[in-house]
Amino acid sequence: MSYLEYTVKSVPTGFRKILHLNWPLALLLASVCGVGFLMLYSVAGGSFTPWAEPQMKRFGLGIALMMIVAMVPIWLWRNLSGVAYGVSLLLLVLVAVIGDERKGSQRWLDLGFMDLQPSELMKITLVMFLAAYYDWLPAKRVSRPFWVLLPVIIILIPTALVLEQPDLGTSILLLAAGGGLMFLAGVHWAYFAAVIASAVGLITAVFQSRSTSWQLLNDYQYRRIDTFLDPAADPLGAGYHITQSKIALGSGGWTGRGFMQGTQSRLNFLPEKHTDFIFTTLAEEFGFIGAISLLGIYALIIVFCVITAIRNKDRFSSLLILGIALNFFLFFAVNMSMVMGLAPVVGVPLPLVSYGGSAMLVLLLAFGLVQSAHVHRPR
Amino acid sequence: MRRNRAENDASHAKLTRRAILMGGAQLLFMGGLAARMRYLQVDQADQFRLLAEENRINIRLIPPARGEIFDRNGVRLAENIPSYRIVMVREDAGDVDAVMARLSQIIDIDLETFESALDELKRSAPFLPVTIVEGVSWDEVSKVSVNAPALPGVTPEVGLTRVYPRGSDFAHVVGRVGRVSQKDLDALENPDQVLRIPRFQIGKINVEARAEDALRGTAGTKQVEVNATGRVMRELDRREGQSGADLQLTLDSKLQGYVQARLGGESAAVVIIDCENGDLAAIASAPSYDPNLFIGGISSKDYDPLLNSAYRPLVNKTVQGAYPPGSTFKMMTAMAALEEGIVGPDETVYCPGHLEVAGRRFHCWKRAGHGWVDLENSLKQSCDVYYYDLALKVGIEKITAMANRFGLGIKHELALSSVNSGLTPTKAWKRTARGADWVIGDTVNASIGQGFMLASPLQLAVMTARIATGRQVTPRLIKSVDGVEEPVGEGASLGMNDNNLRKMRRAMYEVVNNRRGTAYRSRIIADGMRMAGKTGTSQVRNITAAERARGVTRNADLPWERRDHALFVAFAPHDNPRYAVSVLVEHGGGGSTAAAPIARDVLLQAMAGGEPSLDAYPKGDRARIKTQQKRLRDVQPRAAIDGKDQA
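Chains as they are written, first to last, in the numbering used here: chain A, 1 to 379; chain B, 1 to 647.
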């Protein structure tokens with residue numbers, strides 16, 4: 001159903017929109033960011049520089065952007081979603097050509113005032129575009145092969161570009177978010193079953209073929225997969241990070257070692273302590289109680305998003321909110337699994353807590369869309 | 001595009017179902033994460049806490065100060081002096097090359113050191129101090145301090161290093177220290193952790209090595225917090241160690257210095273033992289070397305001459321060397337016969353110049369023979385035949401047993417490296433060691449300290465002290481450890497017949513003081529200092545028939561390394577023995593000419609407690625002795641000591 005069909009009158013206008021924002025959600029987001037500042041202050045050894053202060057500035061910018069995005073009617077964003085996807089795709093191509101290379105991967109565009117990571121933008125615009133697509137697509141066509149193939153292509157193009165950077169973590173996230181959205185839109189079970197079955201089959205085949213005459217990959221590739229799956233096999237490389245991370249987490253105990261008392265992070269045993277491994281610092285300093293609290297806030301954000309989405313009668317809005325929530329979930333689920341030694345190390349930051357401009361801005365922007373969908377929901 | 005309401009509701013219902021399904025799945029996953037958190041942070045917390053502490057806390061050792069070594073009068077023989085080194089921390093230096101260039105203009109750094117320091121700077125962690133030069137003088141330290149603003153990251157550091165102020169005088173007693181080597185570690189079953197400290201010094205030989213446990217002390221510890229790269233963040237706890245114990249030796253550094261100087265460049269050894277309590281007053285082996293050269297690692301330029309010299313300066317001849325005692329052994333043969341009652345002191349033996357034993361002719365050193373000789377005359381003139389005769393009557397086993405009671409063939413426990421036990425042969429020994437039966441000729445040879453018989457100068461000194469006192473005098477080198485007196489070696493009575501001992505001493509007195517005695521030229525004429533002794537000349541090798549044919553009969557005609565060893569043992573004063581001495585001059589020729597004069601000089605020096613009056617010497621010798629005394633007064637021990645304030 002389109003907005004043209006219901007009364008736009010019931011939608012608030014002007015500054016009254018502010019009263020209709022989803023305030024609990026906004027507060028939850030702000031509190032997560034607050035935790036982030038605290039941890040960045042701590043890992044810098046009790047200093048606002050070099051991380052906490054820029055992060056706070058970016059947070060200010062992000063909140064302002066979120067408000068602006070929230071004020072703009074959601075249908076405008078829906079109409080722009082194709083353009084947004086196109087622009088993101090263009091930036092991804094651009095980054096492959098002229099992007100900055102750091103630590104062996106080409107992910108960043110230097111915008112002068114900040115570094116932009118187009119793959120972060122793509123996470124949101126992909127969800128937007130797919131939501132718009134399924135809003136447009138009549139329900140009965142959703143599971144028809146051609147109309148299934150189309151979104152698959154929409155997902156695979158940016159995934160391939162990101163994989164090329166190379167950024168395995170983000171490309172898996174894109175794939176998972178896109179697939180999740182297709183599932184939410186109502187694509188038939190059978191497609192997912194088939195994809196999962198064939199993926200399992202392929203993986204089995206790859207592993208089964210090892211050391212046989214029809215081996216599918218080269219030996220060195222297998223070895224790489226081995227370390228990827230089992231970092232402990234490489235105790236001084238990838239395994240070192242995971243071991244130290246687990247020590248930090250575990251030594252936190254119930255109540256933690258106290259703010260700024262974490263020896264693992266303060267003495268640099270933790271790698272990437274201000275980005276990917278920031279959760280371990282939190283867990284070390286505030287213990288199980290601190291860690292579970294953050295997880296609880298994250299869970300509340302997901303629950304609020306799902307409720308907001310279900311209550312929203314607009315199909316684009318619902319899909320968009322759920323898609324953004326799914327993205328957010330994937331972020332922290334992968335990060336936490338990684339630092340707790342449940343998943344391979346794939347370089348995914350902890351959303352709104354890890355130091356990093358692009359990710360925070362894009363996430364706040366995305367939650368701006370969620371707010372816009374909420375404010376402009378059909379009543 | 002318009003859709004009907006029913007279709008719309010249906011698709012929204014489906015969306016809701018799937019949204020709840022997905023939300024549920026997400027919550028389920030979060031539940032899994034929470035469970036994992038609980039496992040790590042609650043169930044495994046103790047184990048991980050332990051690992052975190054292990055990560056963070058390092059235990060560092062504080063090296064203990066090594067105990068110092070003193071002589072009997074408290075003169076320092078081994079001490080620890082501050083040694084200065086220049087260190088540099090890369091991260092504080094900034095431009096390492098520029099700072100190094102400036103540093104090399106201020107102080108003298110040789111190119112090799114410079115390059116290796118630069119190399120190490122670039123390899124090690126930026127916060128670790130790297131030693132640029134070691135053993136720099138106080139002057140250079142001052143220069144570096146004054147120029148500190150131009151030398152960021154450069155600081156002088158002070159440590160302790162071992163120094164032997166008496167240099168070559170005590171190399172063969174005190175020994176030396178050196179860096180701990182892998183060999184040192186392998187030799188220990190459970191090496192002390194302190195040995196793993198870089199630059200830690202361990203005793204390598206002699207007292208330094210043998211008293212290592214007492215000298216080393218125990219290491220202190222400090223707990224420091226380190227970060228992942230090993231940088232020390234702060235000190236958490238500190239426990240001071242225990243410095244090593246100071247040692248006092250029985251030696252008199254003045255006497256020792258004199259003896260070393262008196263021996264000069266000879267290949268010789270002297271042991272002076274206090275008859276009263278067995279304290280070693282001097283124990284000198286020449287030539288010696290400067291142990292200070294070894295401390296920082298000796299260069300091959302310095303080491304090769306020491307190693308290759310025919311005079312073997314690295315060997316401690318006083319205890320390591322075992323030589324045929326020659327005629328100095330005759331007292332043992334005589335004592336064995338006297339104690340057994342086989343001969344009386346006044347019984348005589350006829351010496352025709354040789355003795356036929358089992359078809360073989362054994363010569364006396366005097367071809368013409370000594371005629372009828374008793375104990376006193378035989379010892380005085382060192383007649384060999386008399387002792388051949390005694391030995392044949394008493395047998396080797398009795399002689400060996402007597403020699404053992406006097407400390408020959410016995411290993412004296414001293415804190416020196418490789419103390420030799422010498423050899424007093426028996427029939428059983430020859431069977432096992434040589435696989436041959438004892439023959440009567442062996443007994444004849446043994447009776448005059450030749451053949452298999454071997455003794456070290458230390459053993460000969462002990463033997464002489466025991467003859468002089470009749471007690472089982474035992475040598476003592478370490479007087480006290482950490483102020484606690486070690487047991488003295490006074491010894492119980494040997495249980496010998498007093499009359500026999502008196503006769504023996506009387507005979508030895510005659511050796512030196514009788515006009516016809518072999519050591520008459522080395523007599524002391526001051527009453528109350530008169531010496532009793534015995535000369536010895538031990539053959540290194542027989543003169544061959546071919547050489548005899550060429551006309552080589554005299555020792556001096558032989559090359560140095562084949563000449564006889566000169567020996568002399570003595571005690572003084574003869575009527576109230578205070579010191580016993582043994583002198584060995586390797587390949588020195590006759591004992592009366594090469595060894596006895598040394599014994600006289602050192603005994604007089606010991607008894608006078610310094611330079612003796614010329615009155616003690618016979619008139620004819622005084623002029624020569626006076627020049628000798630003047631010359632020796634200026635001889636300084638060889639010692640190259642780094643640092644400034646060395647007196």
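Just so you know, the hints here were simulated from the structure itself, not pulled from any lab data.
Glycine is no exception: its CB is placed at the ideal position from the N, C-alpha and C atoms.
Keep in mind that a hint or two might mislead.
[To be verified] Simulated crosslink set (DSSO-like; lysine-lysine; CA at most 30 angstroms straight-line):
#: 1; chain 1: B; residue 1: K204; chain 2: B; residue 2: K479
#: 2; chain 1: B; residue 1: K366; chain 2: B; residue 2: K393
#: 3; chain 1: A; residue 1: K140; chain 2: B; residue 2: K14
#: 4; chain 1: B; residue 1: K183; chain 2: B; residue 2: K301
#: 5; chain 1: B; residue 1: K14; chain 2: B; residue 2: K183
#: 6; chain 1: A; residue 1: K313; chain 2: B; residue 2: K14
#: 7; chain 1: B; residue 1: K222; chain 2: A; residue 2: K246
#: 8; chain 1: B; residue 1: K479; chain 2: B; residue 2: K411
#: 9; chain 1: A; residue 1: K57; chain 2: A; residue 2: K17
[Said to hold, decoys possible] Just the calculated beta-carbon pair ranges, DEER-fashion:
#: 10; chain 1: B; residue 1: Q105; chain 2: A; residue 2: N218; range: 56 to 62 angstroms
#: 11; chain 1: A; residue 1: K57; chain 2: B; residue 2: E91; range: 29 to 35 angstroms
#: 12; chain 1: A; residue 1: L61; chain 2: B; residue 2: T16; range: 34 to 40 angstroms
Status of the hints after comparison with the structure:
1. B:K204 <-> B:K479: Status holds; Cα separation ~21 angstroms.
2. B:K366 <-> B:K393: Answer holds: K366 of chain B to K393 of chain B is near 22 angstroms, not above 30 angstroms.
3. A:K140 <-> B:K14: holds (12 angstroms)
4. B:K183 <-> B:K301: OK: K183 of chain B and K301 of chain B at ~23 angstroms, within 30 angstroms.
5. B:K14 <-> B:K183: violated (80 angstroms)
6. A:K313 <-> B:K14: holds (12 angstroms)
7. B:K222 <-> A:K246: It holds: about 28 angstroms lies between the C-alpha atoms, which stays within 30 angstroms.
8. B:K479 <-> B:K411: holds (19 angstroms)
9. A:K57 <-> A:K17: holds (25 angstroms)
10. B:Q105 <-> A:N218: 56 to 62 angstroms: Taking Cβ atoms as reference, Q105 of chain B and N218 of chain A lie about 57 angstroms apart, which means the hint holds.
11. A:K57 <-> B:E91: 29 to 35 angstroms: This hint holds: roughly 30 angstroms between Cβ atoms.
12. A:L61 <-> B:T16: 34 to 40 angstroms: holds (35 angstroms)
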